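Same order as they appear, the protein sequences are chains A and B.
Numbering-wise, this note's numbering comes out as the position in the first sequence, counting from 1, plus 26.
Numbering-wise, this note's numbering comes out as the position in the second sequence, counting from 1, plus 800.
Rather than coming from a laboratory, the hints here were simulated on the basis of the structure.
Check before you lean on any hint, since a few could be wrong.
Stated by the list, open to error - One-sided excerpt, in silico: chain B residues whose CB lies under 8 Å from chain A:
| hint | residue |
| --- | --- |
| 1 | Ile-934 |
| 2 | Gly-935 |
| 3 | Leu-938 |
| 4 | Asn-941 |
| 5 | Pro-945 |
| 6 | Val-951 |
| 7 | Ser-959 |
| 8 | Ile-990 |
What the hints assert, rightly or not - Derived Cβ-Cβ restraints for the label pairs, each shown as a range:
| hint | chain 1 | residue 1 | chain 2 | residue 2 | range |
| --- | --- | --- | --- | --- | --- |
| 9 | B | Gln-851 | A | Ser-212 | 16 to 26 Å |
| 10 | A | Pro-463 | B | Lys-972 | 28 to 38 Å |
| 11 | B | Asp-879 | A | Asn-95 | 16 to 26 Å |
| 12 | B | Thr-964 | A | Ile-305 | 15 to 25 Å |
| 13 | B | Glu-947 | A | Ser-212 | 38 to 48 Å |
| 14 | A | Phe-422 | B | Val-858 | 23 to 33 Å |
| 15 | B | Thr-964 | A | Val-191 | 14 to 24 Å |
If you're wondering where the values come from, they're calculated on a predicted model, not measured in any experiment.
For each residue, glycine too, the CB sits at the ideal point set by N, CA and C.
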Amino acid sequence: MNSFIQSDLSLILPEIFVLSMAMIVLMTDLFIKPSMRWIIFALSQFALLGGAYLTGQHFNHETEFAFSNMFVRDGLADLLKMMSYLGTSLIFFYSRSYMNDRNLYHGEYFSLVLFALLGMMIMISSHNMLLVYMGLELLSLCLYSLTALDRDNQKATESAIKYFVLGALASGLLLYGMSMIYGATSSLDLNVISIALLNHPTDHAILVLGLVFVVAGLAFKLGAVPFQMWVPDVYEGSPSSIAILISSVPKLAAFAITVRILGDGLQSMMADWKQMILIMAVLSIGIGNVIAIAQTNIKRMYAYSTISHIGFTLFGFMSGTLNGYASSLFYVVSYMFMTLVSFAVLMMMSRKNFECETLEDFKGLNKRNPWYAFLMLITMLSMAGIPPTIGFYAKFMVLQAAFDAGFANFVVYAVMMALVGMFYYMRIVKLMYFDEPKLKNKLDVSIDMQWILSANASALLIIGLMPHSFMDATAQAIALSLH
Amino acid sequence: MIEFKDFVFYVLSLVLISSGLSVITSRNPVTAALSLVLAFFNAAGIWLLLQAEFLAIVLVLVYVGAVMVLFLFVVMMLDINLDKLREGFWDYLPMAGFIGLLMMVEMVMVLKTKPFNLAPITESISNTSNTEMIGNTLYSNYVLPFELASVVLLIAIVSAIALTLRDRKDSKKTNPADQVAVKRQDRVRIVRMKSEEKYIKSKAKKRT
């Protein structure tokens, strides 16, 4: 029995800082006037900045473990945490005026998002099934209540209930799978599990049973077919400022636990989970892209687009090589930046008492404001995977990894499905540039949002033009973490 | 000859299984909830036989003492129309039964293969009670998940309040700061006007 020591605490300093700041935000909100809410906004941004500073101090250090090997800090964890801070910070900027208009701009919003971030950080750094589950619950509980935050909105409440019930079921599946694996290997520690699996692979049936449930639970959290039912309903029902959160940063954490559990802990069962991931990837790309065509609600369309992007991410993952994991990591991070812009434009076009959510609302955006139409154009091109945007390289690397692993047939299929997907992304471009605007009012956007949105969208183009340093960073993070 | 310990085990398990069955078969939800309480008590008894006294106590305190009482309150307060709940039971039974049977067969096929090769539990590890042992592990090896569990509870509180607390429109609450800061102009309106001569004249006429 070894108790924790100071070095353990110094490793989780970023987590401790974010947690304390979340509580400070919660308490500060009680004592300030509604007109002084900018203080909370500033405190939340400070929490992210401080977390980034504390994480950056050890950036790309060697792998270190803490709390009896439960918590790990390595290249993958550092990179994903940095991206999570950045994504959350952008979400705070983008949702500011949207939440203000809907009277949701309270301290609870900020502290719940920070708590969700804490859950994601724990997931990213966990090296023990128990900690994976704790982080996941921390994140999911925050997301459920954030979805219902607009409590007089019937649609939001309905989608929150759906999300909660299905999410609880998925957590149960995941836990059941973990308990089976614990039964077969008598450990929850991912290192011990991988060693135990190498030494006596006898209880294969029980392990596969556990694996099936674990993969199902992970697939639900990622939103992959056939566990995708919640995604469109939750996106459509929740306020855009919450949908942007659900669709972006948590995918990084879900990717991290997938890599850690399947790629690290259950590495020697790769032959078994490869098939499951393959089926999910193929179905996700197909169903996501085809059903997205039929959507008139733009948030539902984004939801199906998310499903297809998750399919592509799994495509790289199923190759089971370090190169494949790195390409998936690259994909999921670039997807996060794309989806942030796409939802931010939605929020920007919404006003008090007006929700921009149908395709019609995009008509003639070019005539109303050419610059935002251009930003949206970059994002749509990037999502469709057209060079020279970041989306092209992400798709290219993922498909190359799958091709190298011998999935040539499926690569052809994926490319064809990407072409199908091109249709609904280009439809938005057509609506923006070639149709007459239905809404004539001027877009009233705050100056900070203008700059940050422009920077975010142009990053899609700039990283797309010179993707090598970013690719190297992801490859290095994976190489440092998985051996 | 059956040992006393075995005898107690069989009695507890029999009551546990029958009360478990009555949870899902009884028509009255209050009876079902009370049967669940009985099932928890018997499960706690079985844990006591296994010398897991901490788990047994926690089960009785948390589930019987808190969760089930709360559940009973809810069941009694909500007027649940049972006939509506049972509607379509027979329509869905074949499909549900088929899926249930399929899952059971699969589980049995998997679980039958081999028992888990866990290390056998050594009898009485030390003289300390297992409450103390659990406490020691919880605050040393498992301190991080333990602390995170407290954060999860905090989130539950925060989101419960955020989702349900609202100002009632008919509430008569007052803000003391507003009361202190009140000025004369807010309460009394002084109107400058001429005295009404007509009225005075008419009164004077009447007197004469």
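For this session: For the hint on B/Leu-938, just tell me whether its beta-carbon gets within less than 8 Å of chain A.
Result: Given a least distance of 11 Å, the restraint on B/Leu-938 is violated.
Exercise. Regarding the hint that B/Val-951 lies at the interface with chain A, is the smallest CB-CB distance below 8 Å?
Worked result: holds (6 Å)
For this session: Grab the minimum C-beta distance from B/Ser-959 to chain A and call the hint holds if it beats 8 Å, violated otherwise.
Result: holds (3 Å)
For this session: Could you say whether the range 16 to 26 Å given as a hint is met by the Cβ separation of B/Asp-879 and A/Asn-95?
Result: violated (53 Å)
Problem set entry | Cβ separation of B/Thr-964 and A/Val-191, checked against the hinted range 14 to 24 Å | holds (19 Å)
Exercise. If you check the beta carbons of B/Gln-851 and A/Ser-212, does the distance land in 16 to 26 Å?
Worked result: holds (20 Å)
Exercise. Is it true that A/Pro-463 and B/Lys-972 lie within 28 to 38 Å of each other by Cβ?
Worked result: This hint is violated: roughly 50 Å between Cβ atoms.
Exercise. Holds or violated: B/Pro-945 as interface residue toward chain A, Cβ cutoff 8 Å?
Worked result: For B/Pro-945, the interface hint holds, since the closest Cβ of chain A sits about 5 Å away, which is under 8 Å.
Problem set entry | Distance restraint evaluation - B/Thr-964, A/Ile-305, Cβ atoms, bounds 15 to 25 Å | violated (42 Å)
Exercise. Quick one, is the B/Ile-990 hint okay against chain A at 8 Å, beta carbons?
Worked result: With Cβ-Cβ at 33 Å, over 8 Å, it is violated.
Problem set entry | Closest C-beta approach of B/Ile-934 to chain A relative to 8 Å, hint status | With a minimum Cβ separation of about 12 Å from chain A (threshold 8 Å), the hint on B/Ile-934 is violated.
Exercise. Against chain A, with CB atoms and a cut of 8 Å, does the hint on B/Gly-935 hold up?
Worked result: Since chain A brings no Cβ nearer than about 11 Å to B/Gly-935, farther than 8 Å, the hint is violated.
Checked against the numbered hints above, the structure violates hints 1, 2, 3, 8, 10, 11, 12, 13 and 14; every other hint is satisfied.
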